[in-house]
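Put together the whole structure using the sequences plus the hints.
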Amino acid sequence: MGNRIIYVALWIIQIMSVMSLSGDENCDEALNAFATVSAAYTSCAIANSRPITYCENCVEIFIDVLNSYRNLSIISEGNSKCIDNFVNLDRLQIIETIYRNSYILWNRAKCNECFQFENSTLTTKISKETSQFHEYYEDFVKCFKLTNSSNLCPVCLEKYTTLNNYYTSISNENEKIGVCMDIVDIMNTTRRNWSKSCCKYRKHSEHIFLVTTLLIFVVTAIFYLLTCYFGEKKIPYILQQSRFAESLNHVHRSLERNSEVT
Amino acid sequence: MEVIDTIPEEDISNTEQNVASSSNDNLNDIGRCQEDKTFSSSSFARRRVQISTDKVEIGSLNILSAKFESLDYDTCENYPFLDEERKKGYKFVIQKSISRWFVFLLIGMITALIASIIDISIEELSQRKYAVLSQYVDKYVVEGMLYIPFLLWVIFNVIPVFIGSCLVSYAEPIAGGSGIPQVKCYLNGVKIPRVVRIKTLFVKSIGVICSVVGGLAGGKEGPMIHSGAVVAAGISQGKTSTFDRDFKVFRYFRDDHEKRDFVSGGAAAGVSAAFGAPVGGVLFSLEEGTSFWNQGLTWRTFFASVISTFTLNVVLSAYHGVPGNLNYPGLLNLGKFESFNYSFYELPIFVLMGVAGGLLGAFWNHMNYKLAVFRMRYIKKCWLKVLEACLVAAISATIGFLMMFLINDCKPLGQDPTKYPTQLYCEDGQYNVLASIWFQTPEASVRSLLHDPPNTHNALSLASFVLLYYILACWTYGLSASIGLFIPTLLTGAAWGRLVSVGLTQVLPNSAIVQPGKYALIGAAAQLGGVVRMTISLTVIIMETTGDISFALPLIITLVAAKWTGDFFNEGIYDTYIELTGVPLLSWDPPPLAHNIYASEVMSHPVVTLKCVENVRHIVELLRSTSYNGFPVVDPPITDQKEFTTYGRIRGLILRDQLIVLLIKKIFNETPDCWDEIDSNIFRDHYPRYPTINDIFLNEKEKTYSVDLRPFMNPSPYTVLHSASLPRMFRLFRALGLRHLAIVNDTNEVVGMVTRKDLARYRVWRHQGRIGVEELLISKEI
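Line by line, the protein sequences are chains A and B. The numbering of the first sequence is the UniProt record's numbering, which starts it at 1 and goes up by one. The numbering of the second sequence is the UniProt record's numbering, which starts it at 1 and goes up by one.
Keep in mind that the hints were calculated from the coordinates and are not lab data. A couple of the hints might just be wrong.
[Claimed, not checked] The calculated lysine-lysine pairs, modelled on DSSO-like cross-linking and capped at a C-alpha distance of 30 Å, are:
(1) B:K665 to B:K88
(2) B:K336 to B:K191
(3) B:K419 to A:K196
(4) A:K142 to A:K203
(5) B:K611 to A:K203
(6) B:K67 to A:K233
(7) B:K665 to B:K248
(8) A:K159 to B:K419
(9) B:K336 to B:K239
(10) A:K233 to B:K370
(11) B:K191 to B:K370
(12) B:K191 to B:K381
(13) B:K411 to A:K159
(14) B:K411 to A:K203
(15) B:K91 to B:K239
(16) A:K110 to B:K411
(17) A:K234 to B:K780
(18) A:K234 to B:K67
(19) B:K96 to B:K665
(20) B:K191 to B:K611
(21) B:K248 to A:K234
(22) A:K203 to B:K419
(23) A:K128 to B:K419
(24) A:K110 to A:K125
(25) B:K191 to A:K233
(26) B:K336 to A:K110
(27) B:K139 to A:K142
(28) B:K380 to A:K234
(29) B:K780 to B:K67
(30) B:K191 to B:K380
(31) A:K125 to A:K145
(32) B:K381 to B:K67
(33) A:K234 to B:K191
(34) B:K88 to B:K248
(35) B:K239 to B:K96
(36) A:K159 to B:K370
[Claimed, not checked] One side of the interface only, derived from the structure: several residues of chain A facing chain B at Cβ under 10 Å:
(37) I170
(38) S171
(39) I208
(40) L210
What you are looking at is a predicted structure, and each value in this text was computed from that prediction instead of being measured. Even glycine gets a Cβ: it sits at the ideal position worked out from N, Cα and C.
What follows is the structure, given as structure tokens:
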């Protein structure tokens, strides 16, 4: 009797869950859309992984991913939203995981810094800093390509310094906000190429510095030698302790002396 | 001085009676048994210091200083005390215990507040300093004028150190160093002059900020512990002698007993504020010698420590911009560790690292000891001390700059968090690794060595850093500046620990076990264990800073190996400093094989006694001519023969301080008016700094008066028979916190007096696996 009730209950639950999954075309559509853009996003990210142009080239698809995921949570079937059919039902959480991965990747690259925001939503418009940076970069690249390698450094130094200074001003490394990964990557490559050919200008002979350090060591050595030489030595005295045994000696001695006298 | 060893018990009792009876035969006996003793002395491994002359070299470890006095842990049950007990009743007991808890709460909070002031000032100031330096280096390196940032660094180092060192040298020398040896002595029951004064606290706090900002190789942890102790001693008394203010609160806590309990709580709160390790703080107090330890005190101490950590976290979370978030990882002193994996086959590596830490620590201690002796002998004038501190500060900057100048270890920017990336000779987009180590406080360097990802440092820069920082830390500790040695030692250890992990990656390239942070931690623990030789508290402190219980086993193994290896050669650095200052510290246990040393040999013999009713002039002269602090009060002997020593029967014990208060208040038999207003508070008002006898002026008439000592003396002082053995007396002293122990003969007459120095004279030495007992000398001038 008891068993039968349980079976019936289980059967009803199964029927209900099947019913809720099937037959809602809106949801299926949204789900398919999400699947398509996610796949496109992944392939875009991989395609732009080296050298990193990921932010610039994938921003549109990323916005699509955001939108399609939002659709999932807006479109509703009956009383429940589409997303409720997929979230927090099992431990795998496929949709949620894939969405979160895309989102985290975007944030880790700090791509938001490259683009403008309107009404706190991401747009495909490039931010002012980025376009300014690209301007300086193109100046530099033009110079880099036109001049031959022998007199590269003196000619392009000014352009490079402008670019480098601008980069440091926006990257703000101390505060750890940083700029978007595209720019970081461009700058890293540029710096590497530049340093390979032109970083000799940092080295100079530092005679005054070396002499100063030597001087400090010598002064310290002289200090210790002089203190050692001129320091007057104090030799502490031992305090005589009064002990029973000594008082015995004393008595003994004084008695002996008395006996000698008498 | 004649060398005498043990005197058998019967001989002593014989001799006493014999002296009294003055029989010639018996006197011969005495002479004979002394000869015997001279021959039989070699059977024990007891090293006697033979005094050829009456002088000794400064800096020897086997001299006790005569200037230290004991704290008095024993309650004096005199009439005013009994009177107070009777009047106040049980209500007073409850009030006292409630206010005791309140005081512990205050201790925890104020210690943490001071700690956070120190913390924040150091962080703000050094952040500015190193930001400017890093900027200047990169600005001037292009122009080939590196001497400008270098000189700037030297100036930035020397100026704060000059201020700090001047404060310490001229204002309060006791505030120098880490303060842990002094706190340890205080908890052991030795009254170190000026150690818990508010002036010391000021000098210590400002001094430590100056020294750390000045770039000396040191940390703020030791001074924080000392600050905690001062705070505890200050708050519990409800008055300050420095500013001459009496707040009229907590008067019932004004004795050595209560004060020492509070100081143990304060030291624990200090540790817990310094490391964020409340349990470690409690164990530190326990380990460092609070001999009179009970469950209630432990509980209150733990309360103070937890309050201290909590308060510190509240303040620091507000400072870091996350107010109220008390588990913000930035609040942890050594940073938040990811959990370590370790497997069975790594344990031998940990043991070896512990042994290495012990060896390095023992060598460090030896060098530092030699340096300390040199300083005691030759650098005595204040201006010389200040000059030395400034020179070492300049040298620190020089070594740092030379290292980053000569070793061009570059890493790409952005992989790991460096606060001030300095490029120097690196390519664009890279930073100089050594500059990133040097351009931050040592504490931050420890953190980065423990947490930076693998391959942040290459082997050459690590090795040179270990070597130079080891020397620098050794040179710095003992300077006349208030600075601790925990952090530089941890830093050296963490650096060579990381070096070990670099080596291991070469040997086992594919092993996932080799985590640099783990080996850095083990190295740091080994080095610290090798230098300070603390056991329980150090393990728990490091365990608490990692927050990982399962890592306790590697830590214990490492620390045990480090301690045993180090102890084979010499003692911990704190003990070495305590011995150098000649503090009569009582260790945990009496010396071994000492049951044949009797009270009659240990005691000081002619005892200065007072009669029950004593003449004022006599008391004044006695106090002027002697330096004793306790006087047995006796019945006068029945016969008063001049040529033979006679002894009086003991009635009680009166302290110098009590006599002085009696003289100040003029409580004489002839002036009965002032007897009405006598209670225990007349003694408490002057505590802890009593006037000396020279401050008291009595006219001639008053000097003819007499004082009845019986109501004020302790009527039942601890006494032992002259046949009591050294270990027996030692245990009494250690467990009861005694200051005076009267030695009586069979008829209860005072024949001698044993004080802390008489017992501390017998000290155990251990060296290279051998052990023995030596007898120390006492000098007034160290």
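Quiz item: Can the restraint linking K191 (chain B) and K370 (chain B) be considered satisfied, given a maximum Cα separation of 30 Å?
Solution: 27 Å, holds
Quiz item: Taken at face value, is the distance from the CA of K248 (chain B) to the CA of K665 (chain B) at most 30 Å?
Solution: 19 Å, holds
Quiz item: Would the pair K88 (chain B) and K248 (chain B) pass a check requiring their Cα atoms to be no farther apart than 30 Å?
Solution: Answer holds: K88 (chain B) to K248 (chain B) is near 17 Å, not above 30 Å.
Quiz prompt | 30 Å Cα cutoff - pair K110 (chain A), K125 (chain A) | solution = 15 Å, holds
Quiz prompt | Restraint status (C-alpha distance of K336 (chain B) to K239 (chain B) at most 30 Å) | solution = The given pair, whose Cα atoms are some 41 Å apart, is violated under the 30 Å limit.
Quiz prompt | Proposed proximity, K411 (chain B) with K110 (chain A) (alpha carbon, max 30 Å) | solution = 22 Å, holds
Quiz item: Does K96 (chain B) lie within 30 Å of K239 (chain B) when you go C-alpha to C-alpha?
Solution: 17 Å, holds
Quiz item: Do the alpha carbons of K380 (chain B) and K234 (chain A) lie within 30 Å of each other, as the hint requires?
Solution: Judged against 30 Å, a Cα distance of about 10 Å means the pair holds.
Self-check item: Holds or violated: K411 (chain B) to K203 (chain A), with C-alpha atoms at most 30 Å apart
Solution: Roughly 18 Å between the alpha carbons, so the hint for K411 (chain B) and K203 (chain A) holds.
Quiz item: Holds or violated: K159 (chain A) with K419 (chain B), Cα cutoff 30 Å?
Solution: Given pair K159 (chain A), K419 (chain B) holds - Cα atoms ~28 Å apart, limit 30 Å.
Exercise. Assess, step by step, whether the Cα of K191 (chain B) is no farther than 30 Å from the Cα of K381 (chain B), and give holds or violated.
Key: Given pair K191 (chain B), K381 (chain B) holds - Cα atoms ~25 Å apart, limit 30 Å.
Practice problem: Take a quick look at whether K381 (chain B) and K67 (chain B) sit within 30 Å of each other, Cα to Cα. | Solution: 21 Å, holds
Hint compliance for this structure: hints 2, 5, 9, 21, 36, 37 are broken, all remaining hints hold.
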